[in-house]
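**Student:** Protein chains in written order, with our numbering: chain A, 1 to 280; chain B, 281 to 598.
Worth flagging that the hints you see were computed from the coordinates, not collected in a lab. Incorrect hints may appear among the rest.
To be verified - Straight line, CA to CA, 20 Å or less: simulated EDC-like cross-link-like pairs of lysine to aspartate or glutamate: (1) B/Lys479 - A/Glu171; (2) A/Lys11 - B/Glu384; (3) A/Lys13 - B/Glu384; (4) A/Lys11 - B/Glu480; (5) B/Lys302 - A/Asp14; (6) A/Lys186 - B/Asp298; (7) B/Lys388 - B/Glu399; (8) B/Lys502 - B/Glu384.
Claimed, not checked - Some, not all, of what chain A presents toward chain B, calculated at C-beta under 8 Å: (9) Arg10; (10) Lys13; (11) Ile35; (12) Leu90; (13) Gly116; (14) Ile120; (15) Met124; (16) Val178; (17) Trp181; (18) Ala205; (19) Gly209; (20) Tyr247; (21) His251; (22) Val263; (23) Val264.
Backbone N, C-alpha and C define an ideal beta-carbon position, used for all residues, glycine too.
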Amino acid sequence: MIAVNSLFGRKTKDRLMTALMAAATALVLLPLGMIFFHIVRMGIGSINLDFFIHIPQPTGEAGGGIANGMVGSFLLIVIASLIGLPIGILGAIYLADYGGGPTSTVIRFSADVLAGIPSIITGMVVYALLVVPLHGFSALAGAVALALIMIPIVLRTTEEQLKMVPITLREASLALGVPLWRTSLKVTLRSAMTGVMTGILLAIARIAGETAPLLFTALGNQFWSRKLTQPIAALPLQIFSFAIAPYEDWHRLAWGGALLLVVVMFGLSLAARYFGRIKH
Amino acid sequence: MPEEQSPSWKLEKGIKGDFVFKGLTALFAFSILAILLLMVAEMVLASLPAIRKFGWSFIFDRQWDAVQESFGALAYIWGSVVSSILALLLAAPLSIGTALFVTEIAPKRIGSAIAALVELLAAIPSVIYGLWGILVMAPWLQRTVEPFLIKHFGFLPFFQGAPYGVSMLAAIFIMTIMVVPIITSIAKEVLLAVPQSQKEAAIALGATRWEMLRIAVLPYGKSGIMGAVILGFGRVIGETMAVTMVIGNTPQISLSLLNPAYTMPSVIANEFAEASSKLHSAALMEIGLILLVVTLIINILARFLLWGVSRGPAGGIK
Numbered sequence: 001m002i003a004v005n006s007l008f009g010r011k012t013k014d015r016l017m018t019a020l021m022a023a024a025t026a027l028v029l030l031p032l033g034m035i036f037f038h039i040v041r042m043g044i045g046s047i048n049l050d051f052f053i054h055i056p057q058p059t060g061e062a063g064g065g066i067a068n069g070m071v072g073s074f075l076l077i078v079i080a081s082l083i084g085l086p087i088g089i090l091g092a093i094y095l096a097d098y099g100g101g102p103t104s105t106v107i108r109f110s111a112d113v114l115a116g117i118p119s120i121i122t123g124m125v126v127y128a129l130l131v132v133p134l135h136g137f138s139a140l141a142g143a144v145a146l147a148l149i150m151i152p153i154v155l156r157t158t159e160e161q162l163k164m165v166p167i168t169l170r171e172a173s174l175a176l177g178v179p180l181w182r183t184s185l186k187v188t189l190r191s192a193m194t195g196v197m198t199g200i201l202l203a204i205a206r207i208a209g210e211t212a213p214l215l216f217t218a219l220g221n222q223f224w225s226r227k228l229t230q231p232i233a234a235l236p237l238q239i240f241s242f243a244i245a246p247y248e249d250w251h252r253l254a255w256g257g258a259l260l261l262v263v264v265m266f267g268l269s270l271a272a273r274y275f276g277r278i279k280h
Numbered sequence: 281m282p283e284e285q286s287p288s289w290k291l292e293k294g295i296k297g298d299f300v301f302k303g304l305t306a307l308f309a310f311s312i313l314a315i316l317l318l319m320v321a322e323m324v325l326a327s328l329p330a331i332r333k334f335g336w337s338f339i340f341d342r343q344w345d346a347v348q349e350s351f352g353a354l355a356y357i358w359g360s361v362v363s364s365i366l367a368l369l370l371a372a373p374l375s376i377g378t379a380l381f382v383t384e385i386a387p388k389r390i391g392s393a394i395a396a397l398v399e400l401l402a403a404i405p406s407v408i409y410g411l412w413g414i415l416v417m418a419p420w421l422q423r424t425v426e427p428f429l430i431k432h433f434g435f436l437p438f439f440q441g442a443p444y445g446v447s448m449l450a451a452i453f454i455m456t457i458m459v460v461p462i463i464t465s466i467a468k469e470v471l472l473a474v475p476q477s478q479k480e481a482a483i484a485l486g487a488t489r490w491e492m493l494r495i496a497v498l499p500y501g502k503s504g505i506m507g508a509v510i511l512g513f514g515r516v517i518g519e520t521m522a523v524t525m526v527i528g529n530t531p532q533i534s535l536s537l538l539n540p541a542y543t544m545p546s547v548i549a550n551e552f553a554e555a556s557s558k559l560h561s562a563a564l565m566e567i568g569l570i571l572l573v574v575t576l577i578i579n580i581l582a583r584f585l586l587w588g589v590s591r592g593p594a595g596g597i598k
């Protein structure tokens with residue numbers, strides 16, 4: 001009788017814990033679902049042609065768009081990629097093909113630690129290293145800050161992918177007399193290219209939404225910026241300043257910007273998944 | 281495993297391309313280490329004026345006055361520590377429960393669908409959480425949740441004061457929402473690394489599913505899950521945009537969660553670009569330095585715990 005009771009007790013406990021885990025999952029998905037719902041509902045209403053081709057109106061005037069922010073973000077991402085991708089990818093080739101031993105572990109470890117540093121600190125460092133000496137906020141400084149965030153992500157994902165390329169492939173290439181450096185680029189990197197692309201896209205998705213490192217580097221700009229040595233508008237910065245301002249019209253723009261950003265990021269991660277799948 | 285794949289070939293002498301290419305890749309690889317060291321050095325250097333002027337009292341003083349040039353970071357440290365710890369206390373059980381549900385309980389297709397959704401949501405930028413927080417969540421807290429808390433739990437020191445909406449409570453909620461996907465996805469990886477045989481052994485001994493999770497899965501994944509939670513702590517304590525938008529940005533030390541507060545990253549975000557003097561910006565740099573040191577320690581700790589997982593423990597049940 002006792003045994004039956006205790007079995008009953010154990011089964012009840014099992015059901016209770018299962019229910020709790022299901023409840024935790026529901027509780028996690030609920031706010032996330034609501035965020036998504038609000039972004040779509042509020043965002044769709046504010047997206048129209050003006051939204052894409054105009055710059056923000058002065059406070060109090062209706063209408064306006066975020067064209068300068070979109071162009072600014074695009075430029076920042078392109079420049080950051082130009083700086084960050086070579087460092088990340090070539091660094092990964094070193095780790096996968098030339099490294100080994102404690103030095104590689106140190107570099108891997110530094111990359112992991114670097115990836116965990118709050119992005120606002122990256123912004124402060126770039127401010128001290130670039131903005132102060134160059135006497136002004138600039139698009140260039142913003143791009144450098146984004147590149148610093150990008151590098152560890154690209155390095156680690158690329159290395160993982162390079163390591164998955166069978167060593168026999170490299171040996172075959174070397175046996176044919178191809179120098180190691182050409183083997184690294186033309187055989188190893190090329191074989192791993194789809195996986196590397198996944199990492200690159202994820203890194204771009206990450207920096208596309210970064211706001212904190214741009215606060216003291218790119219700064220933001222109400223208007224179009226003509227030079228890379230001037231402050232430049234960026235979509236996340238616009239969302240921030242519009243959201244904390246007390247104007248309905250700006251809130252509308254912020255929601256639209258958020259929807260745009262989310263769509264871009266989901267597009268990038270879908271593309272990343274697509275590249276991730278080709279490999280198999 | 282990949283680790284053992286380190287190259288065994290020797291470079292043939294005389295191939296110039298190899299020499300140059302190796303040098304180039306090494307340069308870039310080592311630049312990662314250089315960047316890390318440079319960041320730490322630059323933060324120390326830039327905060328020196330404040331360190332010299334205030335010494336340890338910087339950490340224990342709550343006065344922050346840009347006009348008098350008297351700076352103490354206690355209110356910001358308090359805000360950061362309290363909000364991060366409370367957010368983790370909420371997020372850790374939710375994340376672990378979700379990770380268990382996704383890996384062990386839900387049917388495979390549903391589980392992986394939920395996992396994919398959670399992963400997608402981990403990619404949403406902070407500023408968008410902040411936008412939702414300030415325009416949707418904070419007003420809701422102000423109208424519904426905070427009056428309820430004041431009415432029914434107002435006798436507790438934690439729920440006293442007026443319902444502002446933007447508050448410590450709002451920051452804790454938004455941090456929780458943001459960090460759950462991160463902890464969940466790492467914890468999920470950890471749980472997936474638990475060997476099937478381990479679970480089967482528990483089931484074979486007659487364990488119910490929960491008992492199997494408790495005696496076979498959770499102990500095995502303990503250090504990895506700890507690592508995930510600690511990594512989550514590193515994330516929330518450095519969280520800037522969303523928190524800045526909902527915490528109210530008032531440097532006060534109050535027990536009540538309904539009052540506005542301020543965190544270290546938020547004060548940097550709000551004041552750094554317009555710092556009024558050299559000392560002001562040095563003081564902000566020092567706050568950044570404290571944040572940097574804390575996150576470095578947290579990350580190193582978490583990495584050690586998580587690296588242990590990927591290697592896997594040697595024996596059976598620990």
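**Student:** Do the alpha carbons of B/Lys502 and B/Glu384 lie within 20 Å of each other, as the hint requires?
**Tutor:** 16 Å, holds
**Student:** Given A/Trp181 was flagged as interface, is its beta-carbon under 8 Å from a beta-carbon of chain B?
**Tutor:** 3 Å, holds
**Student:** Under the criterion that the straight-line Cα-Cα distance not exceed 20 Å, is the pair B/Lys302, A/Asp14 satisfied?
**Tutor:** With Cα atoms ~57 Å apart, B/Lys302 and A/Asp14 exceed 20 Å; violated.
**Student:** Does A/Val263 meet its interface restraint, that is, does its C-beta lie within less than 8 Å of any C-beta in chain B?
**Tutor:** Hint violated; A/Val263 Cβ to chain B Cβ min 12 Å, cut 8 Å.
**Student:** Please work out if A/Lys186 and B/Asp298 have their alpha carbons no farther apart than 20 Å.
**Tutor:** 14 Å, holds
**Student:** Minimum Cβ distance from A/His251 to chain B below 8 Å?
**Tutor:** 6 Å, holds
**Student:** Using the nearest Cβ pair, does A/Val178 come within less than 8 Å of chain B?
**Tutor:** 10 Å, violated
**Student:** Are B/Lys388 and B/Glu399 close enough, with their CA atoms no more than 20 Å apart?
**Tutor:** Given that 20 Å is the threshold and the Cα spacing comes to 16 Å, the pair holds.
**Student:** Given A/Lys13 was flagged as interface, is its beta-carbon under 8 Å from a beta-carbon of chain B?
**Tutor:** 6 Å, holds
**Student:** Does the nearest C-beta of chain B fall within a distance shorter than 8 Å of the C-beta of A/Tyr247?
**Tutor:** With Cβ-Cβ at 12 Å, over 8 Å, it is violated.
**Student:** Should the interface hint for A/Ile35 be scored as holding, given a Cβ-Cβ cut-off of 8 Å against chain B?
**Tutor:** Check passed: Cβ of A/Ile35 comes within 5 Å of chain B, closer than 8 Å.
**Student:** Does A/Lys13 pair with B/Glu384 here, judged by a C-alpha cut-off of 20 Å?
**Tutor:** 16 Å, holds
Consistency with the previously given hints fails for numbers 1, 5, 16, 20, 22, 23, ordered from lowest to highest.
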